[in-house]
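Student: Each chain, written out:
2 protein chains.
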Amino acid sequence: MSDPFVVVGGDAAGMSAASKAKRDDPDRDIVVFEKGEWVSYGACGLPYYVKGEIQSLEELVSVTPEEFREERDIDLRTGHEVVDVDTADRTVTAEGDAGTVVQPYDHLLIATGAESVVPSIDGTDREGVYTLGSMSDGKELREYVARARDDESFQQPDRGPACRYLEDCTGPVGVVGGGYIGVEMAEALAANGFEVNLFQRGDRVLKGFSDETSEYVADHLRDEDVALHLDADVLELAGGDRVEAVVTADDRIDVEMVLLGTGVRPRTALAEDAGIELGDTGAIATDSYRETSAPDVYAAGDCAEATHVVTGEPAYVPLALTANRHGRAIGQTVTGTPTEGGGIAGTAAVKAFDVEAARTGILDHDAAREAGFDPVSETVTAKSRAGYYPEGGNVTITLTADRDSERVLGASLVSEYGEGAVHRSHAVVAALSEGATVADVENYDLAYAPPFNTTWDPVLVAAKVLSGKME
Amino acid sequence: MSDPFVVVGGDAAGMSAASKAKRDDPDRDIVVFEKGEWVSYGACGLPYYVKGEIQSLEELVSVTPEEFREERDIDLRTGHEVVDVDTADRTVTAEGDAGTVVQPYDHLLIATGAESVVPSIDGTDREGVYTLGSMSDGKELREYVARARDDESFQQPDRGPACRYLEDCTGPVGVVGGGYIGVEMAEALAANGFEVNLFQRGDRVLKGFSDETSEYVADHLRDEDVALHLDADVLELAGGDRVEAVVTADDRIDVEMVLLGTGVRPRTALAEDAGIELGDTGAIATDSYRETSAPDVYAAGDCAEATHVVTGEPAYVPLALTANRHGRAIGQTVTGTPTEGGGIAGTAAVKAFDVEAARTGILDHDAAREAGFDPVSETVTAKSRAGYYPEGGNVTITLTADRDSERVLGASLVSEYGEGAVHRSHAVVAALSEGATVADVENYDLAYAPPFNTTWDPVLVAAKVLSGKME
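Listed in order, the protein sequences are those of chains A and V.
Under our numbering, the first residue of the first sequence is numbered 6, with each subsequent residue one higher.
Under our numbering, the first residue of the second sequence is numbered 6, with each subsequent residue one higher.
Bear in mind the hints are in silico, worked out from the structure with no lab data behind them.
You may find that some hints are simply not true.
A few chain V residues facing chain A, derived, Cβ under 10 Å [unchecked claim]: (1) GLY284; (2) ALA387; (3) ALA391; (4) VAL427.
Under 8 Å between C-beta atoms, here's a sample of chain V residues computed to sit facing chain A [unchecked claim]: (5) GLY104; (6) GLY280; (7) ILE349; (8) ARG429; (9) SER472.
The structure displayed is predicted, hence computed values, not measured ones.
Cβ coordinates follow ideal geometry from the N, Cα and C atoms, glycine included.
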């Protein structure tokens, strides 16, 4: 009997791989080591838990440890930290409450995820400074919100009035970082009555999106009474035991708490110590089957690189779908069906109060040029439904293409929440994954009816206008 | 100076061609003959006008005749019916109030549209029997609704309570045909208090969609108190001067009015009389530039065929986007930039009360086999947003592919209104236009965030499940 398929890390990539491998080969022994107690959880839901729209952390768990063990017959060992991988001996060493285990493997998956980046400034260790990377982070933040609102068991009604209109609400707070987490947490905190100060180092929020999307979202954040501090170089989180102020080069803003949404970095120490190669992005390098430089050792999820479908180059974009998809592919590969998990397009979506936005592909012109393209972009604002239809708004789309090949490189879309910026981005993802040209997109026979779009859907309008610019 | 570019028919295809040609070559003389008084109108909006969500027919007009004449410098002659095309002399003959005009052309576009099919049964000429193909049809229907409600200037508030909950509303009425028009008009009439009887000859509504979509919509129609008569062979519209009952093989249902939503057929008489070839579908045959069998004579919109992107064969799917797109392409072609307008995918969308649905490509297995494919389909129902997110519902997707090539052939999607079935169909249109395989789609890096989908968007779930079925 061969050694088991061993997985390090019990979240999206790890549990997808373990589940798929077991499904495809029920006789295969599968051992998963997870440092914490939570597995297979939707960290993307944490802002909504903190906001109060989700009432328990358990709701974020798609499959419980018991279900993995009992229903899926996976040897899941929570509370076990893997401290060493020996690729010569083909073993991992894990430490748990019951002591140290040395576990041989046939195939190994490193799915150690990412960790929140804490900026190297003074005061990040003060009380009242939070990150939002893990379930326990989420728990602590929600407890903070409940305490601050003097309501230990607060419940927010679905779609009810935002709590920020309640008189007993409180503030001010600081959010450092204007990426997804920063923007989502600004909403979560504002909805609970906090005066939110959002500090962004650069000159716009959501910097992976187009300028126009960033501006649209920034305007909306201001409309929702978020104090937006752009070009704000945070120098210190000042205070005593507790944080009391965010100090920037220009200003000092009093706050009662700070949420750091300053990005994540791949957890690669275990792989590095094992002599496994990292890529230029700093994440673990893999081939198209997600195999690392060590034979039969795979890496996937937020600790690993993936291939960008537009550039064909390795990229690091730690998001949930890639982790799931690549985990699943590895589960197939190690059970005898070699499967490439496909590339990534750097696609992301975010809701900010009553606005939705998505981005995909290569938008930044410098990045496009570095990848060998001659980028040209156009931004259009088009009606989200027929002009005469009694609902609707606008969708603003930035579309980027290569002037020479006319290939679509990327897009950024923004609209009022419910007006379809995010679901419309799906078509652009399909197009750029297939290497479609702008003229191809212009000619797509997209669905039309007055409650859903104008005769030319905004995606087609963007392609039409960009196509005209390239002639 | 050369003869003008002459257009027959002033709706989507005709006015798109005229406008684009004028924009690309402002010196070009352009003459448009339109039989009626309305041009460039959104017939797709008529059900919402009858419903009362749109207050005037003028709102459906995107550009007025005056604007075409004065701002766009197009010689638009409304009230002129073209009665003859002479492709040898390169002239058209038009009759208007001022007499007969013989107009030479350099290039000619036939954009005569489609007309409502009136079934060959007794009683269709009785009062109270309507079709909904033209603006005047819409006006008559709205007047009927206002009279029946004894409210000549009825206004329905945006998003207010449906009028069918008003006590002074009336009924019953009959809708013959369960396609888009039938379903949309069932909603429009029910919203105004009419008891709606929907008669469908076959065993399901929306027969171009998947069985599962049809069933979902049918269930919803019944929930909304529409009396659905399936497999109903309507034999006669009985009555005196006015219609009084719909008589089927099995039943006789009293009605106060009947709306015929029994499809359309291309208006081809003018082209046929001119010796221009029709295709097997009965619509005007064209090449990929929409040129007919007569040199320099083009045809586009609801009177013409187009090439199906999946089968590569001519197809007749009269819808607004194709008319716009092909008209525009012809405008470019006749001004010196030969432009293929692209194919069609048979994509369509419909809203039925609180449900939305879309379809694209080839779904019917017989049709797929006839086109040389070995079709395999799978239907999945997946959550429209993260399970823990406090809103959302389901999307049911039927995906069809070719077993051998694994190429995506078609899809049918349905969800609650607002849960994204229609906008999600855009991705499938892109995929099948690009000849993507099911595995390609499965690996698309689609946008994900909890307010918009699950980690695997329903489109990916459908591809994943269908992919598994084909292994």
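Student: Can you name, in rising order, the numbers of the hints this structure does not satisfy?
Tutor: Hints 1, 2, 5, 6 and 9 are the ones this structure does not satisfy, whereas the remaining hints hold.
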